[in-house]
Every structure is written in C-alpha cells, then in structure tokens.
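Protein chains: 2
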Amino acid sequence: MKTLNLYALEGIPLIQQGDDIGAIICEIAEKEKFSFEGDDIVVVTSKIVSKAEGRLIDTYKVEPSKETVALAKKLEMDPGKLEVILRETKRVLIARPGLIVTEDRLGFISTGAGIDSSNTLPGPKGQVLSLLPEDPDVSAKKIRQAIEKKIGKKIAVIINDTFGRPDRKGSVGMAIGISGIAAVYYPPTKEDIHGKKRSPEIAQIDEIAAAASLVMGQTNERRPVVMVRGVDFQPSETDKIKDLLHPVTKYIQDALEAVKQAKGEK
Amino acid sequence: MKTLNLYALEGIPLIQQGDDIGAIICEIAEKEKFSFEGDDIVVVTSKIVSKAEGRLIDTYKVEPSKETVALAKKLEMDPGKLEVILRETKRVLIARPGLIVTEDRLGFISTGAGIDSSNTLPGPKGQVLSLLPEDPDVSAKKIRQAIEKKIGKKIAVIINDTFGRPDRKGSVGMAIGISGIAAVYYPPTKEDIHGKKRSPEIAQIDEIAAAASLVMGQTNERRPVVMVRGVDFQPSETDKIKDLLHPVTKYIQDALEAVKQAKGEK
Numbered sequence: 004m005k006t007l008n009l010y011a012l013e014g015i016p017l018i019q020q021g022d023d024i025g026a027i028i029c030e031i032a033e034k035e036k037f038s039f040e041g042d043d044i045v046v047v048t049s050k051i052v053s054k055a056e057g058r059l060i061d062t063y064k065v066e067p068s069k070e071t072v073a074l075a076k077k078l079e080m081d082p083g084k085l086e087v088i089l090r091e092t093k094r095v096l097i098a099r100p101g102l103i104v105t106e107d108r109l110g111f112i113s114t115g116a117g118i119d120s121s122n123t124l125p126g127p128k129g130q131v132l133s134l135l136p137e138d139p140d141v142s143a144k145k146i147r148q149a150i151e152k153k154i155g156k157k158i159a160v161i162i163n164d165t166f167g168r169p170d171r172k173g174s175v176g177m178a179i180g181i182s183g184i185a186a187v188y189y190p191p192t193k194e195d196i197h198g199k200k201r202s203p204e205i206a207q208i209d210e211i212a213a214a215a216s217l218v219m220g221q222t223n224e225r226r227p228v229v230m231v232r233g234v235d236f237q238p239s240e241t242d243k244i245k246d247l248l249h250p251v252t253k254y255i256q257d258a259l260e261a262v263k264q265a266k267g268e269k
Numbered sequence: 004m005k006t007l008n009l010y011a012l013e014g015i016p017l018i019q020q021g022d023d024i025g026a027i028i029c030e031i032a033e034k035e036k037f038s039f040e041g042d043d044i045v046v047v048t049s050k051i052v053s054k055a056e057g058r059l060i061d062t063y064k065v066e067p068s069k070e071t072v073a074l075a076k077k078l079e080m081d082p083g084k085l086e087v088i089l090r091e092t093k094r095v096l097i098a099r100p101g102l103i104v105t106e107d108r109l110g111f112i113s114t115g116a117g118i119d120s121s122n123t124l125p126g127p128k129g130q131v132l133s134l135l136p137e138d139p140d141v142s143a144k145k146i147r148q149a150i151e152k153k154i155g156k157k158i159a160v161i162i163n164d165t166f167g168r169p170d171r172k173g174s175v176g177m178a179i180g181i182s183g184i185a186a187v188y189y190p191p192t193k194e195d196i197h198g199k200k201r202s203p204e205i206a207q208i209d210e211i212a213a214a215a216s217l218v219m220g221q222t223n224e225r226r227p228v229v230m231v232r233g234v235d236f237q238p239s240e241t242d243k244i245k246d247l248l249h250p251v252t253k254y255i256q257d258a259l260e261a262v263k264q265a266k267g268e269k
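Those protein sequences? They're chains V and R, same order as listed. Residue 269, in my numbering, is where the first sequence stops; the numbers in between run on with no holes. Residue 269, in my numbering, is where the second sequence stops; the numbers in between run on with no holes.
Read the hints as simulated data drawn from the structure, not as lab findings. Some hints could be false.
Stretches of chain V that chain R covers, calculated by requiring three or more beta carbons in the stretch to come under 8 Å of a beta carbon on chain R [unchecked claim]:
hint, stretch
1, 9-20
2, 125-133
3, 149-158
4, 192-200
5, 203-217
Just a sample of chain R residues kept apart from chain V, beta carbon distances all over 10 Å, derived [as the list claims (entries may be wrong)]:
hint, residue
6, 58
7, 125
8, 157
9, 226
10, 237
11, 265
The model shown is predicted, which means the values in this text are computed figures rather than measured ones. Idealized CB from N, CA, C, for every residue including glycine.
All chains should be built: construct the whole structure from the sequences, respecting the hints.
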C-alpha cells in the first residue's frame, strides 16, 4: 500500500514579530518527538509567517483616500480595510457589494489581496489585518534553511493560504510560496497504463497545500505547521511560486471569451 | 500530534464495464490487509467509475455534425472528440485554438466536459474517450453502500477528477461526486484563537480530492482508490456535488466584471 502521512504539530506558541519560525518548528518537533526524514515537505500557514514578519496593520492607523471612501461605500466595505487592500493590489478584477477580487502585487488572484483579520489579536482601537508575507518564496527558503541546518537532511517548504474559486463555493488551501520543490510537477513516467503517451502537468504544490489545510483548520485549531511525508516530488532550488501562475492577461482573455460565448457571439 | 493518513490500494485490477467497484475495493482491501474504520473517506478516481459504467466512446463511431467539423477546424481539435464533448456540454465558456472550456451537463466548469482518452484501451480504429459518470453522486452512493454493507461501519465516498484552474497552471484533484459527506464544511467552532467570531466555508471535499490525487498519480501508477483517515468532516445523507457549485451565471457575471474592470470602466 502506498501511503501518504500528514503530521500537524501541536503546541506551536502564538507567533510574535521577529520569531524564527524554522527554529520554533524544530523545537516543537523535538518536544513532540517528531523526527524529520529527507524529502519531508513542511507546510506552514501564511498567517504565522505574516505575524513573524510583522505584516500586521491596525486599521485605525490607516487614512483612507477620498477615492477609497467612495468606493468603500459602493462595495459596502470598511474604508480602512479597503485602503489596505488597494495598497497591496495591482489590479481590481471584480468589485461589487461585499466582494472585491484582486490581482495582488505578488500576482495572486484572490479576494481582497489575501488580507484578513482572522487569528490576529484585536488592536487597541479595532481591527488588525494581516497582509501576505513580503515575499513568500523568501520566507519559505528561510524556514527551510533553518530546519535543514538543524536536521542535516533535505526537505521542502510550502507556505499556504486559503483562496476561493470562481466556480465552486468555499475556500481551499493553495500554495503561495515554495522552497526546494518544483512549482509544476511533470511526472517522470510518460505513459498511461496502456502505454499511451501522456505528459500531465500537475499543480502538486496546490494539492499538498490543500491536504495540509485539512488538518490546519480555519478557526481555533492552532495547527499552523503540517509535515507531509510520502509525496513523490521534483526538488528544485530555483522554482518560484510565480512559475505556477498564469499571467493575469490570460485570466482577462478567458473572461472576455466567456462573456462573448455567453452572449452567443462567434 | 494530529495526523491524517492516506492509503492507496495497490493491485486493483483493470476495471471493465459492469464491474462492482465497491465489491472490488472490499476484496483488494482484504488482500492488502487494510481494515476500514468508521469515518474513513474512500476517494475513487472518476476514470474507473466511468469504465465500470460503460461510459466509453470510440471516436470512429461518432459522426460529427457539419457545425462541429467547422468549429473543430477553428479550435484545431479532432472533430469526433469535439462532437462527444459538445454532446456532454450545456454551454461553451471559452473556445480558442487548443482550448475549450465548458459548463457540462453536470454543472462543472472544466476543459472539454471532463472528457479524455487517458488510461483507456485504444479502440480497434483509434481513440477511446471516457465521459464523466452519468450521475457521480449516484455512483458514489453505490460504492459506499457496497462497502458499508461489507464492513458494517459508516464511511463517506468521494469521486474525484483533475481539473485546471483559470489563474494557475497544472491540474488539481477536485470532487465530482459525493456520498455521506457534506458538500461544504462549516467547522463547528465559531471563534478564532483570540475569540473573534468566524464562520469559514471550507471546500473540504475538494481538499480531500486533491490530497488523494497526490497518491493516485496521473500516468501508470494504477492507484485509483485512496482511503483517507483523520479528517473531521460533517456527515450528510442528502448533500450533492451541486451544493458545492456556484451557478454558472455567477461565473459569467464575474467574467463580465473582470473585463469591465480591466478596461478601466466604473
């Protein structure tokens, strides 16, 4: 039987700005008697990376522009929060009451530039938002280096977050930063069970991110770190999360096409 | 440590039309000394379900219409294959050379109505395509009933397939049929780690489908059945895969909005 095992560390302390997540993972793993093996994949939720990197903003300190205040009224959103979202946004893709879908500065298409207030301590005067890490690939690399130095084995690190999708309800764990693993997986076997040629492209890092998300939980589970063991993956020292992303022009082109088709144009 | 374990059965025979997949799973599980526990989730790839249900079509037997031949030329596709796709399609959403994205009769938005020729035996005169199961929820229920009868415990079944996404490269395992599990997961805990109110909607069945896909493989791995143990899920006797899907009108509305925003309209 081929097996795949996920282990979520319990007892990770509340992460503070400046904390060394890689070192904390090693410490808790030792306490929990988890021993790393080579080719383990460590999935870390972006939330604690953002906290460690101080990517938190008190909305009461944010001065929304006049344009933002007007748009916030239209979208029925908090102007301070919208201001923070827009600062992290390259392009707004969908904007209607209750929903803003953006291409953020990292190239991700998500709701509100991946900004939220879950699992942050409330500020003295209100909401504290967490932004995505400055550069999630760099964050992943730092965590990876700290762990590899300690254990003397090669691993991979994926930073994940939960995103919505246009055609399906609910959120799904997806990869937002990687280190040590290829962005797209091309299986080494090039034939199907009947010997026909195949060359599938698999978004394996998203599948791993989704699997880890199942045990991390989304409320007060406090399991922000999950080790995944048993995935046949392609190591890479150079791949970045951008290598998984379609350019947003493709998204727009597809949207254009969908609208044309729906209208019955040729 | 919270753990999540996936077990892929090895030695599942090549599935033929008329095979009872639930019975085969029980048989191989016994041979492999896998013992089911209550609340295990069995993920079955749609490919073997389609085969068991005889959802295979030899393209040489298909007579494409004149319209299909013309469209196939434009899209640089095989006319026979396109004819089969269109018969399973409710609405074409994107159509350009090399790519056709459809809303199929089941409501899924995917490339080519989820039809492909991987892991099918070549027919006497060419390509054999597999269509999605007639009603994947019904297929899931049958498999579930066969297993539950044999083991005397409650489980859940998910039929999965791999889909592309508009903003990210590569394919990801997603759920296309369910039995015994809620379509959308609402965690029973309603607070985050700091006691703030939360009510996340989680596409847990897609996360499970993605996790299982990691071990199933996409070429000649022959691991079409994966048992998932350790997920906190909400059982349901009534939920269907449709309960996870947004109506396609939302997709069109979002596409419209994306195009408007990209053009800088208000």
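Hints broken by the structure, by number, lowest first?
2, 3, 7, 9, 11
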